[in-house]
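Novice: For chain A, the structure is supplied; the task is to place chain B on it using the hints.
Those protein sequences? They're chains A and B, same order as listed. So this note's numbering is basically just the index in the first sequence, starting at one, shifted up by 131. So this note's numbering is basically just the index in the second sequence, starting at one, shifted up by 131.
Calculated from the structure, these hints are not laboratory results. You may find that some hints are simply not true.
Claimed, not checked - Residues from chain A that keep clear of chain B, each with C-beta distances beyond 12 angstroms, as calculated:
#: 1; residue: Ala162
#: 2; residue: Pro168
#: 3; residue: Asp188
#: 4; residue: Ala208
#: 5; residue: Leu240
#: 6; residue: Ile308
#: 7; residue: Pro311
#: 8; residue: Phe314
#: 9; residue: Gly332
#: 10; residue: Ser335
#: 11; residue: Met377
#: 12; residue: Ala409
#: 13; residue: Pro412
What the hints assert, rightly or not - What follows is a list of derived Cβ distance ranges for each label pair:
#: 14; chain 1: B; residue 1: Pro167; chain 2: A; residue 2: His423; range: 52 to 60 angstroms
#: 15; chain 1: A; residue 1: Pro168; chain 2: B; residue 2: Pro284; range: 35 to 43 angstroms
#: 16; chain 1: A; residue 1: Gly156; chain 2: B; residue 2: Ala376; range: 34 to 42 angstroms
Claimed, not checked - Here are the simulated SDA-like pairs of lysine to any residue, each with C-alpha atoms no more than 20 angstroms apart in a straight line:
#: 17; chain 1: B; residue 1: Lys440; chain 2: A; residue 2: Glu138
#: 18; chain 1: B; residue 1: Lys440; chain 2: B; residue 2: Asp312
#: 19; chain 1: A; residue 1: Lys440; chain 2: A; residue 2: Pro378
#: 20; chain 1: B; residue 1: Lys440; chain 2: A; residue 2: Pro137
#: 21; chain 1: A; residue 1: Lys440; chain 2: B; residue 2: Glu138
#: 22; chain 1: B; residue 1: Lys440; chain 2: B; residue 2: Leu403
#: 23; chain 1: B; residue 1: Lys440; chain 2: B; residue 2: Leu380
#: 24; chain 1: B; residue 1: Lys440; chain 2: A; residue 2: Phe139
#: 25; chain 1: A; residue 1: Lys440; chain 2: A; residue 2: Ser425
#: 26; chain 1: B; residue 1: Lys440; chain 2: A; residue 2: Asp140
#: 27; chain 1: A; residue 1: Lys440; chain 2: B; residue 2: Lys440
#: 28; chain 1: A; residue 1: Lys440; chain 2: B; residue 2: Glu405
#: 29; chain 1: B; residue 1: Lys440; chain 2: A; residue 2: Ala224
#: 30; chain 1: A; residue 1: Lys440; chain 2: B; residue 2: Pro367
#: 31; chain 1: A; residue 1: Lys440; chain 2: A; residue 2: Leu302
#: 32; chain 1: A; residue 1: Lys440; chain 2: B; residue 2: Pro137
#: 33; chain 1: B; residue 1: Lys440; chain 2: B; residue 2: Asp430
Where a beta carbon is used, it is the ideal one built from N, C-alpha and C, also for glycine.
Number of protein chains: 2
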Amino acid sequence: MPTLPPEFDLIARYFRPLAGEGSLGLADDAAVFMPPPGRELVISADAMVGGVHFLPDDPPETLGRKLLRVNLSDLAAMGATPLGYVLTVSVPADTASHWFEAFAAGLALDQAAFGIALLGGDTTRTPGPVSLSATVIGHVAPGQALRRHGARPGDSLWVTGTIGDGALGLLALRGEIADPDGFLAARYHLPRPRIGLRVAGIVSAAMDVSDGLVQDCGHLCQASDVAATIELGRVPFSAQARQAAMPHLCVTGGDDYELLLAVPPAQEARLLAECGRAGVPVTRIGAFASGHPSVTVLDESGRTVPLEKAGWSHF
Amino acid sequence: MPTLPPEFDLIARYFRPLAGEGSLGLADDAAVFMPPPGRELVISADAMVGGVHFLPDDPPETLGRKLLRVNLSDLAAMGATPLGYVLTVSVPADTASHWFEAFAAGLALDQAAFGIALLGGDTTRTPGPVSLSATVIGHVAPGQALRRHGARPGDSLWVTGTIGDGALGLLALRGEIADPDGFLAARYHLPRPRIGLRVAGIVSAAMDVSDGLVQDCGHLCQASDVAATIELGRVPFSAQARQAAMPHLCVTGGDDYELLLAVPPAQEARLLAECGRAGVPVTRIGAFASGHPSVTVLDESGRTVPLEKAGWSHF
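Only chain A is shown next, with the shape it has when bound in the complex:
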């Protein structure tokens, strides 16, 4: 029998060490696992394409981690506990082995950080840019998944962490703004999904901010049939983002992977307690009112801020 071709060699060398229970050592046609009894499954899939979602010279260590974290952020937005993932990797035929080594080493770090393991996938060449996709699977108590609908007039609007660092990081990596300590670039390369925050029963609606705060807030408004007002002066910016002084870009730029939460007034104390327990900063940035689904951003004098675009489309 001839030597195994490189596809199988790649899988054995770089991906088998990442494979968890249920992956069957990546040696069968599919993965098999028993879902946690009595729990609903939560599934998210995302693709990342070189030149669209990441820069051609982004370090391969961070590519797989970012892909996982983007999906984990979707799971966090549903209040789910992650279990495992499948991965497809399409790379140019001349991709060097150290690329795979670094890519897999990054995945290993995040598997440990988030308690997940590789279940299966596919590795192939492409005549185009590196193209990755991941499907991440998690679980949630039945009926407890957080949803985008459910925000009600009178609820307040909250966001975790800081907004705009990822979008500014992209500008920094393109050499368009300064990033002396590399903080912004790091935030672009490695978002911080809010896995572990337990806000079921506290929030009335939730989603993750991935395509721009204003645009994503618009999706939540549409799903909930409410209008939102965001006070720009309350949106939490990192010291580095304040230094960059581009607040409009920050609220429309995308790549935040923070959670946007609608919170009934009576639940605000519980929200603060849970965020305190989890060590997740959270800030009230606005409120929901009845009206046609829309997002209005107000400046510190209460005037509407005109925005050229609400957010980011990957198409």
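Specialist: Chain B in isolation, oriented as in the chain A frame:
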């Protein structure tokens, strides 16, 4: 609020009609579903890249169907019943709406044919060729998943359907061989996954033939620690493949998506009965013996057939 960007428009127009229960209308951050109680889940993921897995002018109707069927074949190889799938679609920014229309229409046909629905996914542009990935989820009774290990010396080797049509179809589409009735091209575009064949408890090992009969049989031998002999004269070829008279290509060319089965002699009658019930042709093409994992292909006079390569690597 500005008009929704094209990404969301695409999802609403072409993918939401495909979305099943659990997809939450593709309007939330992830899909949520309750797995069938007491069943193990089976998960398979595959990527398909233009110029590698399909031809640039392959009809978009068949692209999504082929991607689903490639994954469904993996589920069939595990003896699983399919439930649903997630999909990532990366296409050039100037892709016309009729491409999406045809792509989605093809998916709708196969959703109906195989009893599955779209759960979620991602649509994005790419500066490269069309790149697709799908993760298909199914279920199986606990411990009943078919596996590649388990073949034993003395078992016979069986294959469903016919071998080589897909590989010949690729040659036909490239204009390298004749295909007067379009049968071979159709087999390349639309493989026929053997979902519904119930051979748990009958076969000792199973896998699907996707990268070439000889190579895939080698994987089964490795997993089972046995040697296999294939009698080339017994390998089932379609009338069109016999006409092409390229048996070596047929057994190494890939794209078959038939099942390779190891069957203990005492189970052969049950195998034939089940294949009869399911309407799936099945042929005994060889046998397993003890020995170093290897595949020997014999011609009609019992001589070893020298093969340039055993199969196909997508890298």
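Novice: Compare the structure with each hint and give your call.
Specialist: Now for the hints, and whether the structure bears them out:
1. At roughly 5 angstroms, the least C-beta separation between Ala162/A and chain B is not larger than 12 angstroms, which violates its mark as non-interface.
2. Remark: the non-interface label on Pro168/A conflicts with the geometry, its nearest Cβ contact in chain B lying 8 angstroms away (cut-off 12 angstroms).
3. For Asp188/A, the requirement that its beta carbon stay farther than 12 angstroms from each beta carbon of chain B is met, with the minimum near 15 angstroms.
4. Not every C-beta of chain B lies more than 12 angstroms from that of Ala208/A, the closest at about 4 angstroms, which undercuts listing it as non-interface.
5. Listed as a non-interface residue, Leu240/A keeps its Cβ farther than 12 angstroms from every Cβ of chain B; the least gap is roughly 22 angstroms.
6. Non-interface call for Ile308/A relative to chain B: holds, since the shortest CB-CB distance, roughly 24 angstroms, exceeds 12 angstroms.
7. Separation of Pro311/A from chain B is adequate, the least Cβ-Cβ distance of about 31 angstroms exceeding the 12 angstroms criterion.
8. The beta carbon of Phe314/A is kept farther than 12 angstroms from every beta carbon of chain B, the shortest such distance being approximately 26 angstroms.
9. Once the 12 angstroms rule is applied to beta carbons, Gly332/A is consistent with being away from chain B; the minimum gap is 16 angstroms.
10. The beta carbon of Ser335/A sits about 14 angstroms from the closest Cβ of chain B, which is more than 12 angstroms, so the claim that it is off the interface holds.
11. With a closest Cβ-Cβ approach of about 19 angstroms to chain B, Met377/A is found to remain outside the 12 angstroms limit, as its non-interface label requires.
12. In this structure Ala409/A is separated from chain B by more than 12 angstroms, as the shortest Cβ-Cβ distance comes to about 19 angstroms.
13. Its beta-carbon lying about 21 angstroms from the closest one in chain B, Pro412/A satisfies the requirement of being farther than 12 angstroms from that chain.
14. Taking the beta carbon of each, Pro167/B and His423/A are about 41 angstroms apart, not inside 52 to 60 angstroms as hinted.
15. With their beta carbons about 39 angstroms apart, Pro168/A and Pro284/B fall inside the hinted range of 35 to 43 angstroms.
16. For Gly156/A paired with Ala376/B, a C-beta distance near 39 angstroms keeps the hint of 34 to 42 angstroms intact.
17. The hinted pair formed by Lys440/B and Glu138/A meets the criterion: a straight-line CA distance of about 14 angstroms does not exceed 20 angstroms.
18. Under the criterion of a C-alpha separation no larger than 20 angstroms, the hint pairing Lys440/B with Asp312/B is inconsistent with the structure, at around 29 angstroms.
19. The straight-line distance between the Cα atoms of Lys440/A and Pro378/A is roughly 13 angstroms, inside the 20 angstroms bound, and the hint therefore holds.
20. For the suggested pair Lys440/B and Pro137/A, the alpha carbons sit about 13 angstroms apart, so the restraint of at most 20 angstroms is met.
21. Between the alpha carbons of Lys440/A and Glu138/B the distance comes to roughly 14 angstroms, so the proposed pair stays at or under 20 angstroms and holds.
22. Between the alpha carbons of Lys440/B and Leu403/B the distance comes to roughly 32 angstroms, so the proposed pair goes past 20 angstroms and is violated.
23. With a C-alpha separation of about 9 angstroms, the suggested pair Lys440/B and Leu380/B falls inside the 20 angstroms cut-off, and the hint holds.
24. With a C-alpha separation of about 15 angstroms, the suggested pairing of Lys440/B with Phe139/A holds against the 20 angstroms cut-off.
25. For a cut-off of 20 angstroms, the pair hint linking Lys440/A to Ser425/A stands: about 14 angstroms separates their Cα positions.
26. Between Lys440/B and Asp140/A, the direct Cα distance comes to roughly 16 angstroms. Compliance with the 20 angstroms bound is thereby established for this hinted pair.
27. For a cut-off of 20 angstroms, the pair hint linking Lys440/A to Lys440/B is broken: about 55 angstroms separates their Cα positions.
28. At most 20 angstroms may separate the alpha-carbon atoms for a hinted pair to count; Lys440/A and Glu405/B exceed this at roughly 60 angstroms.
29. Under the criterion of a C-alpha separation no larger than 20 angstroms, the hint pairing Lys440/B with Ala224/A is consistent with the structure, at around 19 angstroms.
30. For the hint pairing Lys440/A with Pro367/B, the CA-to-CA distance comes to about 60 angstroms; that exceeds 20 angstroms, so the pair is violated.
31. Our distance criterion of 20 angstroms between C-alpha atoms is met by Lys440/A and Leu302/A, whose separation comes to about 17 angstroms.
32. This hinted pair checks out: Lys440/A and Pro137/B have alpha carbons roughly 13 angstroms apart, not beyond 20 angstroms.
33. Taking the CA atoms of Lys440/B and Asp430/B, the gap is about 17 angstroms. The hint holds against a cut of 20 angstroms.
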